[in-house]
Amino acid sequence: MAEQGKDLLVINNIEVIYDHVILVLKGVSLTVHDGAIVALLGANGAGKTTTLKAVSNLLRAERGEVTKGSILYKDKRIDSLTPNDLVKLGVVQVMEGRHCFEHLTVEENLLTGAHTRRDGRAEVMKDLEMVYRYFPRLKERRKSQAGYTSGGEQQMTAIGRALMARPNMILLDEPSMGLAPQLVEEIFEIVSELNKKEKVSFLLAEQNTMVALKYADYGYILENGRVVLDGEAKSLRENEDVKEFYLGLSTAGRKSFRDTKHYRRRKRWLA
Amino acid sequence: MLYRESGQFKTSYRADQAIFPIRQDRIALMVLLAVVFILVPFVADEYWLGSILTPLLVLSLAAIGLNILTGYAGQLSLGTAGFMAVGAFAAYNLNLRVPELPLIVDFLLAGVFAALVGMVFGLPSLRIKGFYLAVATLAAQFFIEWVFTHVGWFTNYSSSGVISAPPMVIMGVTVDSAVEKYLLTLVMVAVLALAAKNMVRSRIGRSWMAVRDKDVSAEVIGIPLLATKLSAFGISSFYCGVAGALWTYCYLGTVEPAAFDLSRSFQVLFMIIIGGVGSILGSFLGAGFIVLLPILLNNIAAMIGHGTLQADTMANLEHIIFGGLIIFFLIVEPHGLARLWQIAKEKLRLWPFPY
Amino acid sequence: PAVAQAMEQFMPIPIYRTGPYAAGGTGYFGGFMDYMALINERDGGVNGVKLTWEECETAYDNARGVECYERLKGKGPTGASMFHPLSTGITYSTFEKGAADKIPVVSLGYGRGDAMVGSVFPYLFPLVTTYWSQNTSKIKFIGMKEGGMDKLKGKKIVNVYHDSAYGKETIDILNKQAATYGFEIKHFPVAHPGLDQKAIWLQIKQIAPDWVILRGWGVMNPTAIKEAARIGFSREKMLGVWWSGSEEDMRPAGTAAKGFIAAGFNPPGKDFQVIKDIEKVVHAKKKGNIESDRVGTVYYNRGVVTGILSLEAIRLSQEKFGKKPLTGEQIQWGLEHLNLTPARIKALGAEGLVQPIKTSCADHEGGGAVKFSQWDGNQWKIVSDWIEADKGLVRPLAEESAMKYAKEKGITPRDCSKEM
Amino acid sequence: MTSDLNFFFEVLFGGLLSGIMYSLVALGFVLIYKASGVFNFAQGSMVLFAALTFVGILEMGVPFWPALLLCLLVMMLLAVGIERIVLRPLVNQPPIALFMATIGLSYLLEGLGQGIWGTQVRALDLGIEDLPNEMIQEALGIQVSTFDLFSAGCAAVLVGGLALFFNKTRVGLALRAVADDHQAALAVGIPLQHVWAIVWAAAGLVALVAGLLWGSRLGVQFSLSLVALKALPVLILGGFTSVAGAIVGGLIIGASEKLAEVYISTFTGGAVAAIENWFPYMLALLFLLVRPQGLFGEKIIERV
Amino acid sequence: MSVSEKQIGDVILRCDNISLSFGGVRALTNISIDVREHEILAIIGPNGAGKSSMLNVINGVYHPQEGSVTYQGQTRRAMKPHETARHGIARTFQNIALFKGMSVLDNIMTGRYTKMKRNFLWQALYVGPNLKEEIEHREVCERVIDFLQIENIRKTPVGRLPYGLQKRVELGRALAAEPQLLLLDEPMAGMNVEEKEDMCRFILDVNDEFGTTIVLIEHDMGVVMDISDRVAVLDYGKKIADGSPAEVRANQDVIDAYLGVAH
Ligand SMILES: Nc1ncnc2c1ncn2[C@@H]1O[C@H](COP(=O)(O)OP(=O)(O)OP(=O)(O)O)[C@@H](O)[C@H]1O
Ligand SMILES: Nc1ncnc2c1ncn2[C@@H]1O[C@H](COP(=O)(O)OP(=O)(O)OP(=O)(O)O)[C@@H](O)[C@H]1O
Ligand SMILES: [Mg+2]
Ligand SMILES: [Mg+2]
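Protein chains in written order, with the working numbering: chain A, 1154 to 1424; chain B, 172 to 526; chain C, 26 to 445; chain D, 81 to 384; chain E, 498 to 760.
Treat the hints as calculated values from the structure; they're not laboratory data.
The structure presented is a predicted model; accordingly, all values stated were derived computationally and were not measured.
Don't be surprised by glycine CBs; every beta carbon is placed ideally from N, CA and C.
Hints are supplied without guarantee of correctness; some may be wrong.
Quick look at which bits of chain E chain B covers, simulated, 3 or more residues with Cβ under 8 Å [as the list claims (entries may be wrong)]: (1) 591-604; (2) 681-695.
Derived SDA-like pairs: lysine to any residue, alpha-carbon spacing no greater than 25 Å straight-line [said to hold, decoys possible]: (3) K312(C) / I475(B); (4) K1396(A) / P659(E); (5) K368(B) / E630(E); (6) K211(C) / V352(D); (7) K629(E) / R185(B); (8) K434(C) / N470(B); (9) K516(B) / E648(E); (10) K379(D) / G521(E); (11) K122(C) / I475(B); (12) K1221(A) / E504(B); (13) K629(E) / A186(B); (14) K652(E) / A186(B); (15) K516(B) / P174(D); (16) K577(E) / G301(B); (17) K652(E) / V352(D); (18) K283(C) / L211(D); (19) K201(C) / V352(D); (20) K432(C) / E504(B).
Can you make the complete structure from the sequences, with help from the hints?
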């Protein structure tokens, strides 16, 4: 685990409403220490993506609004900054569902990631090479329009694009989605490498709890727009409920997907 | 608290499939129909009936037509007025050349002709999409306008190309007062609006929306793209055609290409965008907005600006306010008045609790 | 209601201040309103009956024109006196309503060519002249320039027209005249709005006509003139209709417009007593309905002429029905019995501005003459006297067309011999 | 025969040059489309607004060049205002919403422009003769107007400038990204506000140039806003996203429109005439059937 | 229930030597795959291997340059997707392709498109035969909704649903068509274990109860190994293995190309 510093990102009891009517987050608080990897877990629709977007301020583009609470980055309020300002501050989001620029080639997609950088072309090129080293497949497809690449290739492009900004903090939304198992491991290796070498902090929303908890330092579990459980990754891994509902482990080890349950057990924390 | 569906249980799919599953909505509709059919003809004066309500209804019908094509089937069209013109000229020529046909049949056949023309111009939609498709419909718009200006047969070789609409006789009754015209229009519009509402909540409507939202997956489900798009073009143009016929017979009183120029197409397009793309109710709301607002502004202008040098400024102010309001509404609700209405209802449902 | 009837006569103003033709709308109705203001200010109204008016913006759109008609027709103590559509399209859409509501529709120099046949169109008044009449005057003018109507034989004339109802009105009559006088006529429609006419003018260059008749509208006019200059066609051989003959049509064409000739039933300029009065009584007191620098322009003066004729009709009717606000039906009588003698014109201060006019039940046109003026680069110079229309040609055509209309609509024409 | 051939070339050249005039207007559309994936309905009104403003400033007694600068400044302010008030709240909305906003904008601009400067028709003289160029006439025997040549020159300069701007600055790439996906563009830190303000300012500049050239030909009046209708088929034929397409499209449309008008009308004895309104659209339509994205437009990506 | 109990029938779909390329990119090279009645066939492989392309070829979205597809005894080269749908092939997509503007119920009802017959005039009238038909099909859809346990969101516009539920609705739309062959492209991506379990159960139930043949693309090896009867492995557009889960798991080529570590 990387050295952990002081609080980098602090979310204080925020409430988010979409379209003026749909209340999605009902008071979420969490903290990311400098240099930490924090996992945000939870079922579909729990509000993970919404939380990340609240931080990166992409909510406004979806007619969503933070109506209560505050978000601090390096002890400064960032609620009213534009996404562009945030990227300049070093906070970048990798959006769920890839969101590549379809008509741009893979390489152009990656270059857009460096839009805010002012450290010269040579540096950018160096990072481009780095991304290609991480994802050799992208190098092969660099001249293809992103819209025509496969799902996994697009996911790699999206992640690579965020790396091109040289961020301090990455908000990763479901990085493993649609990636081959080998690659999932690789991506998390990259995360961990960036975290150790470059001191990049991560807030990552992930469904693949197994991997997420393997690499994260700390985890929060979200249900229905509220944090229901948090703790050191290690302790979460040991938690009975987490084991059953998120890791698919029962006391007898991993269950087969064939042994389907036809009833639902209640999660204890909801009781 | 007044607007609640709680306590209204539906015990059959039939009940759930009704147009207005909520009782309050049904009552509201009944009241509305009673008002427009019974009250309005008694209280409204000739000006309101003849120059505001009738054109408003006719344009609502055209807007429904365009909404079917653009709102439901997702095919952007700028040729609405062209298809209206086909309807208008078809109705005139049918009346002239086959006088035995009842006028209502003329109107419906006019719609059918418009539908055929619409389908011809809809053919390219299989390949051409989005704003590019707008060009196909613009081609239709200009070409149709040109044909009616240049082929004398359509205007019965009148020297100026403007003909006044013949008197309307329906089942022996002459329809010529403002009230009669209003009622005729109202009946046609109400029936056709109901039919449109029915179609959009049936199979054909679902296939339009499917093509609009994601044509590739629509096709994978088994929806043939060309047939679906053509049906949208056809039915949409049918509505426009009937609207065109009503426009000349019940409102303008003349048949001429200039009444169906590009600006009319845009006018109808504005209606559906302001009112709500993909909403039958929105077609009416949008038509109301676009027809009434300028008149309202103009009336206000006439009231305060009368006789002074300011009249010039007032006319332009009208434009500015109109444009400004369009933008304002979009920012408040990009999905149009219909959605605004819906959100209001949703809030009402929760009221007095905020969320 | 008749108890305390205000002594006011209401006039609807279906103006267009926006859109491509705003210059025409504001100029024309500006003049009209100024004239009414003059009568109110100077004379205290027509025989003590004050004139009131209300604007309604039509944006030159038929549908809005109809709405304006309906909105304004019932205003004032006695309803609208008459309706001036200032658009051929709106004329077509309102004249039947006018007949039903008994409100005269006055289309001064535009609208239906056959409307002069008052027996069929009792409430439609194409006062002064119609497109058909003015067209024959143009051919006469060409004949004069060529040195006699017989010299027209073998000449080539091109008719460049706005591709619309208005533009097409004169095709038939030109063809007839071509047959009569033996000149060659070729028609070129210009698609609305006529921003680019290269193709047409290159063809005209090939034809090398002797004369070009321009039936333009709005931006089509300066464009045509510039194109003519470009192919080197003499502007002095171009004859415009009155919609192609305003300052607004010439100025954008710049030097290219010099020499262009236009027909008009009213000359421009401030050299008329009535215009001077308006400047003194209305504009000097900042009560004008238009920018003061536009006083005396073609459109403006046309509006004044319209005002003169309209108010004369009201005055006449007052003589018959009493000096009080009148209904449209009563004013129809005045419009039908106009008799503007040179003496009367002089009394009105409009010598040279208006031609003598005498209407009747059978003839709703009344005058029929036009004057030609030539653009000298800055302003219009009058280059002819009143030139009469070829009534012998126009009248039968109009009657034929009017009868056809009457038959279609099941109208029995009035017997004008009984209506004196 | 030679005179026939001569005539043919005259029509052809006339058409090509008319086409360039259309291209000038089409360029403005291309810019906005590139930056937001939206068809800017207000481009025509911007042309009108720019020309009105310029003439208005001239009439106030300001000399030509300062007036031009002042007018440019106005257009830039306008761009910033549009971004602030109209576009920013509509980020990430479906294209139809933005399209509608531009419709609202066009009303607003028309009202504003004419409200401030009046509805009068005004002359605008750039001091360039719209008469056949004598040198060319002597050399080639064809009449080509000096003014047209000047316009073609302006178009070339504009296109060159824009091409440089888009290819040599990072804005070009950012623009294309924004057109694809507003939200993702925000996420990678592209400052949407700036990009839009810049592009609308550029569109304003193009509108100004088009407004001056067209305005000096037609007079500065409302009809200037209608030149947009001439630019549409050009735009579609060339492809919404391509600067080069706007030029090539203009040439093709201009030339074929004039040739068609002349020869079809001649062959049919004038029965088929005044086809200029629909012919370019039909031509563009036929063309699209072969290439649905226009000549140089970006291919529409459809994948599952 | 073990694999052997299941009645796996004859080949209903045979792909012969399929080759597909886009410009320079060879997405598929000479691929032959058989699908047998009632089986669950998983296609796995690294990203960009051509798995989705394979599904696209099967239901006619892509037309291969070479090779043929034989379905229910009929060989064809190019068939439109809506024709294959008529022949009983339904599918879901890797990138959710729901109809965003419609409610869950309407989305699922579109799945019944090919089965409904009344023409638009009846639909305009709505009452009478059309209503009867609507209700008939609504009942089928309600069964699907019930089966997938999405009753509470039936009237919600799909655009507002979280990702996992959208995937479920997409499955529902495909099921409503009562297909013989169901193609699923990464149906479990972006789900947590609990949701994956649900999804697996739905797939197995469909397979059991209706005997629907299923072709499935999935990256979660746990799922693939547990529920599929057979696994085909693609790599760079070539088929490198085809066999029972156990065989494939042990195949060294597969481990090298895809799995990384043995699972
Ligand atoms: N633009 C929006 N408008 C309305 N509601 C929304 C919008 N975006 C999300 N929601 C709602 O907010 C809730 C939380 O969604 P969110 O996307 O944050 O969940 P998530 O935890 O990321 O789920 P998943 O694992 O499926 O990605 C969901 O119920 C969803 O329906
Ligand atoms: N329409 C197309 N045009 C161009 N290239 C394409 C197209 N469709 C697929 N490809 C290319 O073909 C290859 C295979 O793509 P495919 O989508 O089948 O991969 P996949 O196996 O489904 O991968 P993933 O697991 O990442 O979804 C990829 O390299 C992709 O870029
Ligand atoms: Mg999410
Ligand atoms: Mg795939």
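Open item on the list: I'd like to know which numbered hints this structure contradicts. Please list them from smallest to largest.
Closed with: Per hint list: 2, 8, 11, 17 and 20 violated.
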